[in-house]
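**Q** Residues per chain are reported as follows:
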Amino acid sequence: MITLVEKLGALARCVLEEMGRMVTFVLYALYTLVRNPGKPVHIIKQVHFIGAKSTFVIVLTSAFTGMVLGLQGYYTLAKFGSEGMLGSAVALSLIRELGPVLSALMVTGRAGSAITAEIGIKKITEQVDALETMALEPFKYLVSPKIVAAVIAVPLLCAIFDVVGIYGGYLVGVKLLGVNTGAYFHEMYKSVVWKDVYSGVIKSLSFGFLIAWICSYKGYYTDHGAEGVSRATTAAVVMASVCILVCDYFLTAVLL
Amino acid sequence: MPKRKYSVDFVVGIFVLLGLLCLAYLSIKLGKLEIIGSNMYPVYADFDSVSGLKNGASVEIAGVDVGRVTRISLDPKNTSVARVDMDIRPDVKLHDDVIASVRTRGIIGDKFIMLSPGGSDQVIPPGGQIRDTESSIDLEELVSKFIHGKV
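Protein sequences, first through last, are from chains A and B.
Taken in order, the first sequence gives residues 2 to 257; the numbers are from the numbering used here.
Taken in order, the second sequence gives residues 153 to 303; the numbers are from the numbering used here.
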């Protein structure tokens with residue numbers, strides 16, 4: 002009985018320690034950023050990696066997401082004889098929820114895992130220690146530019162996702178299923194308001210921050226060996242995805 | 153090496169431009185965000201009831217969109233009537249005997265404000281009031297009047 006309680010206590014302490022480490026990690030990264038931002042070229046490289054190289058996969062997934070929304074929405078709305086509302090259904094679900102969440106999940110899978118692996122391998126091959134030995138701050142080169150780049154790139158990717166998805170829905174709804182073009186766009190313009198766009202941007206900003214934070218944290222505190230890095234990468238992707246979905250619920254509850 | 157650096161910057165530039173364009177489309181075209189100060193002019197009208205009318209609803213003359221509702225509140229002086237603030241396009245001049253009525257698009261559609269232009273010489277100035285109004289038609293009330301034979 003006592004051992005059971007002891008185990009519970011140890012678990013709670015472990016979780017608490019991990020949370021504390023994560024918070025100090027991100028605070029230190031932000032402190033480094035404020036005190037010594039470094040050259041913009043590091044940030045640009047990271048925007049290229051996280052953002053520009055993810056564009057293709059984002060365009061592909063968003064086109065199909067929009068198309069399937071158009072298809073599903075059409076058959077559901079047709080039951081009520083209001084196919085004209087298709088544009089508004091597609092645009093609102095993309096802008097409010099699917100755009101920010103799906104683009105963040107795609108970025109986690111594509112760039113987040115790579116961030117963890119990169120920092121993890123640099124850690125286990127003692128490159129991070131080498132930087133420290135040379136009195137260069139590892140956070141300035143490895144962590145802070147990634148956080149800034151993710152906060153810049155993810156909202157932009159989300160905007161691309163929304164627009165491509167809307168035209169994907171247009172393709173299926175209007176060209177394939179014969180909804181009126183004017184009705185599709187007019188209903189969309191009428192129902193989407195600035196608050197929807199704004200809350201989507203807030204969401205994807207926070208998701209970008211979360212991805213960079215969790216993935217670089219997991220890489221920085223990786224276990225040793227190739228297995229350690231592989232475990233850290235898996236843990237980073239799982240944790241980032243779960244955090245995005247949980248965070249999405251609470252952000253929606255607050256912003257709505 | 154310098155050539156490669158240029159190409160990364162270039163790709164990032166294209167990406168950022170594309171993203172900003174999409175963001176601009178979403179917020180200006182869809183979100184109706186006005187970055188450049190709008191040149192619409194405000195007018196207001198008092199209604200007995202605006203049940204169902206929402207912020208951002210359109211204001212129409214003869215079916216043509218000429219503005220939208222910016223605020224719905226109670227009249228500060230007489231809290232039993234609803235005050236609706238609207239922004240009207242500057243090229244549309246409203247005469248002071250215009251009638252504003254709350255109408256429904258279709259049988260369950262959204263509410264909007266229809267303006268029936270008058271023929272007076274006086275033009276309503278920016279910030280002015282539309283005096284003649286018709287409240288929204290309450291479908292339930294109509295049905296109950298019909299059932300109880302008061303029509």
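If you're looking for bench data, these hints aren't it; they were derived computationally from the structure.
By construction, the Cβ of each residue, glycine as well, lies at the ideal position given by its N, Cα and C atoms.
Just to be clear, a hint being listed does not mean it is correct.
Unchecked claim - Pairwise CB distance ranges (calculated):
#1 Pro278(B) x Leu256(A): 26 to 36 angstroms
#2 Ile166(B) x Ala227(A): 34 to 44 angstroms
#3 Val247(A) x Leu291(B): 41 to 51 angstroms
#4 Val69(A) x Glu286(B): 40 to 50 angstroms
#5 Gly179(A) x Leu226(B): 28 to 38 angstroms
Said to hold, decoys possible - Straight-line Cα separation of at most 30 angstroms, BS3-like style, residue types lysine-lysine; simulated pairs:
#6 Lys206(B) x Lys196(A)
#7 Lys297(B) x Lys191(A)
#8 Lys54(A) x Lys40(A)
#9 Lys297(B) x Lys196(A)
#10 Lys176(A) x Lys245(B)
#11 Lys181(B) x Lys54(A)
#12 Lys229(B) x Lys245(B)
#13 Lys263(B) x Lys141(A)
#14 Lys80(A) x Lys263(B)
Unchecked claim - Covered by chain B, per the in silico footprint, the following chain A stretches (three or more residues, Cβ under 8 angstroms):
#15 144-158
#16 244-256
**Q** It remains to establish, for every hint, whether it holds in the given structure.
**A** Consistency of the hints with the structure:
no.: 1; hint: Pro278(B) x Leu256(A): 26 to 36 angstroms; result: 34 angstroms, holds
no.: 2; hint: Ile166(B) x Ala227(A): 34 to 44 angstroms; result: 36 angstroms, holds
no.: 3; hint: Val247(A) x Leu291(B): 41 to 51 angstroms; result: 42 angstroms, holds
no.: 4; hint: Val69(A) x Glu286(B): 40 to 50 angstroms; result: 44 angstroms, holds
no.: 5; hint: Gly179(A) x Leu226(B): 28 to 38 angstroms; result: 46 angstroms, violated
no.: 6; hint: Lys206(B) x Lys196(A); result: 14 angstroms, holds
no.: 7; hint: Lys297(B) x Lys191(A); result: 33 angstroms, violated
no.: 8; hint: Lys54(A) x Lys40(A); result: 21 angstroms, holds
no.: 9; hint: Lys297(B) x Lys196(A); result: 40 angstroms, violated
no.: 10; hint: Lys176(A) x Lys245(B); result: 40 angstroms, violated
no.: 11; hint: Lys181(B) x Lys54(A); result: 27 angstroms, holds
no.: 12; hint: Lys229(B) x Lys245(B); result: 27 angstroms, holds
no.: 13; hint: Lys263(B) x Lys141(A); result: 56 angstroms, violated
no.: 14; hint: Lys80(A) x Lys263(B); result: 23 angstroms, holds
no.: 15; hint: 144-158; result: holds (count 5)
no.: 16; hint: 244-256; result: violated (count 0)
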